[in-house]
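K.L.:
What follows is each chain in one-letter form.
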Amino acid sequence: MRIAGKGIIDRGQTVGFRFDGRDYTGFDGDTLASALLAGGVRLFGRSFKYHRPRGVVTAGSEEPSALVTVGQGAAQVPNVRATVQEIYANLEARSQNRWPSLSLDVMEVNDLLAPFFSAGFYYKTFMWPRSFWEKLYEPMIRRAAGLGALSGKSNEEVYEKAWAFCDLLVVGSGPAGLIAALAAGRAGASVILAEEDQAMGGRLLAECEEVGGKPGHLWVADVLAELKGLPNVRLMTRTTITGAYDGGTYGALERVGLHVARPPKDLPRECFWRIVAKRAILASGAQERQIAFPMNDRPGVMTAGAVRAYLNRWGVAAGQSVTIFANNDDAHRTARDLAAAGVKVAAVIDVREDAPVAGDWKTYAGAQVVGTSGRLALREITIRTAAGAEEKIATDCLAVSGGWNPTLHLTCHLNGRPTWRDDIAAFVPVPGMVPGLEAVGAANGTMSTAAALAEGLAGAGAALQSLGLKGAKLDLPQAENGGARLQAYWQVPDAKGRAWLDLANDVTTKDVRLAAQEGFRSVEHMKRYTTQGMAPDQGKNSNVAALAVLADATGRGIPETGLTTFRPPYVPVSIAALGAGGQGMGFAPQRFTTSHKAACERGAPMIEAGLWYRPSYFPRPGEATWRQSCDREVALVRNRVGICDVSTLGKIDIQGPDAGRFLDFLYTNTFSTLQPGRVRYGLMLREDGLVMDDGTTARLASDHYLMTTTTAAAGQVMRHLDFVQQAFCPDWKVRAVSVTEQWAQFAIAGPLAHELLNSLLDAPLDDKAFPFLSCGSVRLGGGEARLFRISFSGELGYEIAVPARYGEALYRDLVARAESFGGCAYGMEALNVLRIEKGFITHAEIHGRVTAFDVGLQGMMSQKKDFIGKAASQRPGLLGEAREQLVGLKPLAPEKPIGAGAHLFDPGAAPIRQNDQGYVTSVCWSPTLSTHLGLAFLRNGRARLGQSVRLVDHMRGTDFLCEVTNPVFFDPEGGRARG
Amino acid sequence: MRIPCPLCGPRDRREFYYYGSDDYLNRPGEDAPPEAWDDHLHLRDNPAGLTRDLWYHEQGCAAWIELHRNTVTHEILSARLVAERAGAAGANGASTGTSRKKAAAPAKGTKA
Ligand SMILES: [Zn+2]
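Taken in sequence, the protein lines are chains A and B.
Residue numbering for the first sequence follows the numbering used here, beginning at 1 and increasing consecutively.
Residue numbering for the second sequence follows the numbering used here, beginning at 980 and increasing consecutively.
These are computed hints drawn from the structure, not numbers from a lab.
Every residue gets a Cβ at the ideal spot worked out from N, C-alpha and C, and that includes glycine.
Hints should not be assumed to be uniformly reliable.
Stated by the list, open to error - Okay, the calculated bits of chain B under chain A, using three or more residues with CB under 8 angstroms as the criterion:
1) 984 to 990
2) 1025 to 1032
Stated by the list, open to error - In silico EDC-like pairs for lysine to aspartate or glutamate, Cα to Cα no more than 16 angstroms straight-line:
3) A/Lys870 <-> B/Asp1017
4) A/Lys278 <-> B/Asp991
5) A/Lys6 <-> A/Asp266
6) A/Lys733 <-> B/Glu1063
Stated by the list, open to error - For each label pair, taking beta carbons as the anchor points, the in silico distance ranges come out as:
7) B/Ala1027 <-> A/Asp703: 46 to 56 angstroms
8) A/Trp163 <-> B/Cys1040: 13 to 23 angstroms
9) A/Leu104 <-> B/Arg992: 15 to 25 angstroms
10) B/Arg992 <-> A/Gly579: 10 to 20 angstroms
11) B/Ala1027 <-> A/Trp163: 29 to 39 angstroms
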């Protein structure tokens, strides 16, 4: 019910929305909870386990009960707190965990079975038989117990992530936070003030009290007006700080578009921030807690502070005849505010004998609430008076206050433990729990507004001092300075019926006592056994009370019993926000070569090579399978000429007088003796003696080398070069930098390669002056290019490199010329066949467990110098007959395909692990030799050339004999490449 | 976690590649006994508390950095460039490197 003239939201604009298919209206600034309460709705959902009717309990993000589903289709979001969701035109919200409807829920039967559903019932009831768990029990329980559901569809909405940096992060905008932000802002610090709510002000928006001689919310408005004028202050509403991390980093979730009626398509729904702050002030306030009494979960039972918030901020009376149940003075303000607004206060029940009698309503001192009734919402409570008599009081709203817990969660995120304060019966932070973060105000257990203001100002002063900034003058405004007189009180004793602690997970005091009785006395054990505090609210409303009940049941004090650990995130964070940008193809960056577009235009399917995309093959009309295209491309390279983009290989530019010496230390073989204008194949080991990478390195000038790495190891090799240089030879005159992206490089391979090249170059190339393994500068189209005479196909071959901006044009030109010579573009499949026919290794062979000896390159290990990996490569066990050595395999029947990963056995030996002799690494059909081929590692393989081995592929079901051969199947003398 | 790169200033740890203990800097000589190489390659302490380890500013300046930090509190005490550490290899480092275990290094009681 909305009260005329009450509240501070703007009633100029009505907003229509729907809940469970019914139309409602509210105002700008309403949450779903305030608007529905104003519309007389009290039943919001069904509870997790017992399907009990539930209503709104709080007015903030800690809400345990009023969880709804918002939106439809793929954009449907479950478990949205009605107390956080703002209404907007045509908002669609639905209740959860009920069927067929909210008021008639057949699973309500669970409530009657409650005696069987006590703590640990899953473990006890569904233990046996074991096989029933997955098929029967779990699906059944999941259907019956639960909250809202995801749509199961891919969500196409936009989420964002962002970074922010500041001198001072202020968390929370109540009196303490506002004055801290103002003091720091005036002093010139860069400030971020983050507020979870849609509006700044904290409790000052929810209470009737004056600050600086004016109503609290007007003081807030004045401070905000000044803060908005300060360019060094950033105000972030709808932004929850979700976690505190090392080095002054904070996670934050901003609700950017969740309150917008028709958001533009590119407006993010939420943004996940990482805020780096030199200092932080935690002014997150406090959260009110319940008292456990029988049937305290009915819709209409709320926190007293929430009842005041709905009244003072939104102008909504949460009931028509309100009762109050409390253990402290603060809660009596509820009666005062309600009465002043003309709402009937039926009674104030205070557990303390000396409860204040403050107004024109009936106060029961030393009394307790011992029961409630009302099927779908509260109708009546039963109280026990100080004299022990039971009385019934008609009421539709019971405002409960068991005191306030400082919202200290962030201070615990780096493993700090808070301390217990008896006077407020609550845990408070200890300074230094999060380095650089100071808690002030109610978050620090300082409950009066005047004291909170003073502490906020002092906190800002300390932060400014550590930032080296001078504080500006700021006078503390006058404010309420009442003490929060309170008597610790957690549960009503000797009362019949279930008393809830954790409303979100349906945990009662009986469950906690049962856990203690069954030996789960540690608070961490009790939590897991009962699920206390494990629901979406993470026990914000109930952990301390549950702990008190456990302490009572185990005969210990609360500080000794200890608190469970608060971990990030403080509120639920959607995976979509955390992983913003990472959906679908956003999961990994895509790297494209300069020829990508030209290759796609030719219909080439792309294959991923790390982050790169490379063409598999180039289908021509009439070719039905990849094999037909591949076979044709191989044949054309062997007989005419082919073009392949090899830009993805890593290229590292190495310069300086000590460059040759540096390469000698990196490679197993020697590069300082290489003449300028020449290229050499090099092998690189890891320090443990195993092969890291291989590739060619060209000496472009006496102090200038260009190294190539494999595509796969480009990053690893660059890292390695930097490490070796900085760690072992920092004062050598040499520097290395990756130029992979700067150059486009294309292989021209085949007998007609030289002819094609000469058709392209400004001046023809003299074959004799540019023999195999030469490099140099050439001119084409008036520009300069680098030419290397190297071959990964075994044919006469060149690789030509141009600055990347010319890559696409050159590639198109090269392919057109190749076609005019009867050749073609070739892709990764053909490239792979060509290199297997030649026995060239890739990372399929140098997979991290092989040595130079294993791949037959032991001759490349120089005896004359030290190099990385030299000492370790000589270790026993890395050499000799027991090693699996690289060999070629040919099936005795050439048409039998060899499978990669197949294992090798002696002919006649059983194909079991104990008899294993090796394995296959690379396979292909060789159109050149008309047979299937394989490269393999075979125990003592080089001594077994010409023998037969049994090849067994358990996965593909093949089993046949192969001949062991030299791994170089084609042109073993290498005459074709040398020309 | 923020890592204070001596060249770039404090940066998010996602920009860095983690390698491991600074033991990797103490490369035994070519002729060192197998035990020295075994120790260098494979045997590491697992300290709860102060440690020195190596990070590479891969998405930044490409500097290798030696961090002195606390694995329990996550406090970072200091950072310096590997290339500028005291007693760095020098001109003769790579070719005739000898074991340069720091005198201050904790005793490796767990290592055989
Ligand atoms: Zn850097």
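K.L.:
For each hint, tell me whether it holds in the structure or not.
P.N.:
Hint check:
1. 984 to 990: The restraint on the segment 984 to 990 of chain B is violated, since only 1 of its residues have a Cβ under 8 angstroms from chain A and three are required.
2. 1025 to 1032: With 0 residues close enough to chain A, the hint is violated.
3. A/Lys870 <-> B/Asp1017: Holds, at roughly 13 angstroms.
4. A/Lys278 <-> B/Asp991: With Cα atoms ~14 angstroms apart, A/Lys278 and B/Asp991 stay inside 16 angstroms; holds.
5. A/Lys6 <-> A/Asp266: 38 angstroms, violated
6. A/Lys733 <-> B/Glu1063: OK: A/Lys733 and B/Glu1063 at ~15 angstroms, within 16 angstroms.
7. B/Ala1027 <-> A/Asp703: 46 to 56 angstroms: 48 angstroms, holds
8. A/Trp163 <-> B/Cys1040: 13 to 23 angstroms: Since A/Trp163 and B/Cys1040 have Cβ atoms about 19 angstroms apart, the given range 13 to 23 angstroms holds.
9. A/Leu104 <-> B/Arg992: 15 to 25 angstroms: Once the Cβ atoms are compared, 54 angstroms apart, the range 15 to 25 angstroms for B/Arg992 and A/Leu104 is violated.
10. B/Arg992 <-> A/Gly579: 10 to 20 angstroms: 18 angstroms Cβ-Cβ, so the 10 to 20 angstroms window holds.
11. B/Ala1027 <-> A/Trp163: 29 to 39 angstroms: Since B/Ala1027 and A/Trp163 have Cβ atoms about 31 angstroms apart, the given range 29 to 39 angstroms holds.
Of the numbered hints given earlier, the model fails hints 1, 2, 5 and 9; all others are met.
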